[in-house]
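Participant: Residue strings, one per chain:
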Amino acid sequence: MNTIERALPAAEQAAEVAGIDPVISVRGLLKRYGEFSAVAGIDLEVNRGEIFAFLGPNGAGKTTTVEILEGFRQRSEGEVSVLGVDPSDADGTWRNRVGAVLQESQPEPGLTVRESLDLYAGYYSSPRDVAETIALVGLEEKADTSGELLSGGQRRRLDVALALIGDPELIFLDEPTTGFDPSARHTAWDVIDGLRRLGKTVFLTTHYMDEAEHLADRIAIIADGVIVASGTPQTLGGRDRLDTTITFTLPDGVALSALPAQLQVIAEPSSDTTLVLRSHTPLVHVHDLSTWAITAGFDLPDLEVRRPTLEDVYLSLTDHGKDNTR
Amino acid sequence: MILLIRWFIRHHRSRNTSSEKVRGARTSHNGVLSLVLHQARYDLLGFLRNKQARFFTLLLPVAFLVILVGLFGNHIVGSEHVKASTYYVPGLSAMAVIAASFVNLVISITTQRESGVLKRRRATPVPAWVLIAGRALTAMAVSLATMSVVMVIGRFAYGADLPVRTIPAVALTAIVGSIAFCVLGYALSSLIGSADAAQPIVQATMLPLYFISGVFVPDVSLPSWLQHIAEFFPVEHLAGGLHHAYDPAVRGIGIAWSDLGVLALWIVAGLVIALRRFRWTPAAAAA
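Residue numbers (the numbering used here), protein chains in the order written: chain A, 62 to 387; chain B, 10 to 296.
FYI, nobody ran anything at the bench for these hints, they're computed from the structure.
C-beta atoms are modelled at their ideal positions from N, C-alpha and C, and glycine is treated no differently.
One thing to keep in mind: the hints can contain errors.
Claimed, not checked - Straight-line Cα separation of at most 25 Å, SDA-like style, residue types lysine to any residue; simulated pairs: (1) K60(B) / E230(A); (2) K60(B) / V345(A); (3) K60(B) / P257(B); (4) K203(A) / Y219(B); (5) K60(B) / Q167(A).
Unchecked claim - Some but not every residue of chain A turned toward chain B, in silico, with C-beta under 8 Å: (6) P83; (7) E131; (8) N157; (9) A161; (10) E169; (11) P170; (12) L172; (13) L223; (14) W250; (15) A284.
Turn these sequences into a full structure, and let the hints guide you.
Facilitator: So, in C-alpha cells, the structure goes:
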C-alpha cells in the first residue's frame, strides 16, 4: 500500500506532462500591506490527488497565501487559479468543491458533533454521509457530545470532518496540528493520510518538519515571503546530496591522531572526545572506522550514522541561514 | 416555556437519530427558503442550549414583570380603570423583543465572528444572506415567544388586559421592532472588536434606554429633556408602539404609524452601517 502511494507523485507528474490541469496554479503572487510584502512573488503548482505541504516559520507568509487561495483575502499582484477559477471571485459552485480547515475556529456553539455536521451538510449540494464522515475522523464515540466539550485534538478532527462533509475535491488544512500532544498529532496524521486514500488533493500548511515529511508528496518552503526550496521530502533543498554525519566518542586515552588519516580529514574540529565526521561516502567511512576500532580492540558503543533530516535542511534554509548571513 | 424548550431539544434529537429523515431534509434544501429554515433551526438549538442566553433573553423579561408588580403594586389606574400590569406588559414585551433581537444577537454573532465560526461557515457554499436571515429568524421567533409568555402571564397572573382587537397591531409592531433591532445588532457588532466587549457594550447601551423609554416606568415622569433624548432612540418607539396597541383608550386597530416610521428610519441607518462595516472574519486577525 505504502509503496503504491509513494509511487503516485511520479504518476501525477506524468499526467501533468500529458497536459492535465493542475488543481492549484500560482504565478508571481504578491501581497502587500503598505510597504511590507507578506508574500513577495511566489509560484506554486499543486496536482490532483497529491498532498502538498507549504512549510515555513511563523510570519513567513503561509497563512496569507492560503487565505488568498481560499478566497478570503485579495492579492496585490499575480495570477491565481484554484480548480480553474480565480478564488477572488469565487462563488457557491466553487465553494461546493473546496473544503477548508481554518487556523483558528471554535466548534459550532451548543451543537453536538453530529448536529454540526448535519448543519454543514445542508450547505452543500451533494454532501457525504454524516455518520460515515464522523467515522472517518474517528469521532464515533463523541458523535452526541457537544463540540465545545471536545479536547483540542478532537475539535480539530471535527474541523476536518466539517471540511469534508461537502465531499470536496480540494482541502486546505492550515496548521492542523499546532499545539497538539504527540499522540493527538499522530491521530491527526492518520486522518490526513485517509484523505489521500479518498483521492482528495490536500494543501497543508505547517511549521513542523516531521509532519511534512510524514504526509507530503511534495513540499515548498517559504521564508520572508519567498519560496526558498521545493521538492519531494527526499530531495528538498539538495537533501539527497548533503553529507551524512557519523558520530561517536573516542575511548579514554585515544587521541584524534590515532584515527586513520582518511577519517581525520573529514572530522569536525572538536574540543571534547565526541567526534563528528561528515561523509559523502558513509558506507566506506563506517567500514574504515569499524575496521580500525576492531583491530585496536575496542567498541564504539554510541556510534551513530545519521542522514540529514528535513529539519536540518529547513533550518539551513530559513532562520538558521538568515543568522549566518547577518 | 422550559417544557417547550425541552420538547424542542428532544424533538430535535429524535429527528437526528433517524437518518432517513435527515436525508429527506437535505434534498429539500434546493429551495432557499428551506435553507434559511435549516439555518434558523440550528441557530435556535444553539441558543436554547446556552444557559446565559436563556437567562437574559427568556427569563429576565418575565422576572421583571414579577418584580415591577411586586415593587409598585397592581393598582387600578387611569380613566379606563385598568390594572397597572396593563402598562408593564407592553413595556416588557419591548424588552423581550430587544433582548432576543439585539442583546443576544450582538453577543452571539460577535462571539461567533471572533471565534472563527462565521468565517468557517463562509468557507462553505451557503450564501451570506441565508446565514443572516436564518439568525434573524431565530431572533424573531424567540422575541415573539418570550413576548407571548409575558402577555399570557400578565393576563392570567396579574389581570392585565389582553387586547384581542389590536393583536395584529401588537404583532406588527413587534415584528418591525425585531427587524429593526436585528439590523442594529448587526451594525453594532461590526463596531465591536472583541467578544469580551460585546456583553458590557450592549448592556450599557440598553439599560439606560430601557429606563428613559418607558419600558419599566412611565416616561411621563421624566424631565422633558430626557424625554427628547429618548425620542431619538428606537427603544422609545418600540415600547411606545406596543403601549399604544395595549392602551384601552385607543380606538381602531391600534397601529402607531409614527413609531413604526421611526423604527423604519433606524432600519435604514442600521443597514447603511452593517452593509459597510460587517465582517465575517475575526477583527483580531485582520492584519
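Participant: Which hint numbers doesn't this structure obey?
Facilitator: Of the numbered hints given earlier, those the structure breaks are 1, 2, 3, 4, 6, 14, 15, listed in rising order.
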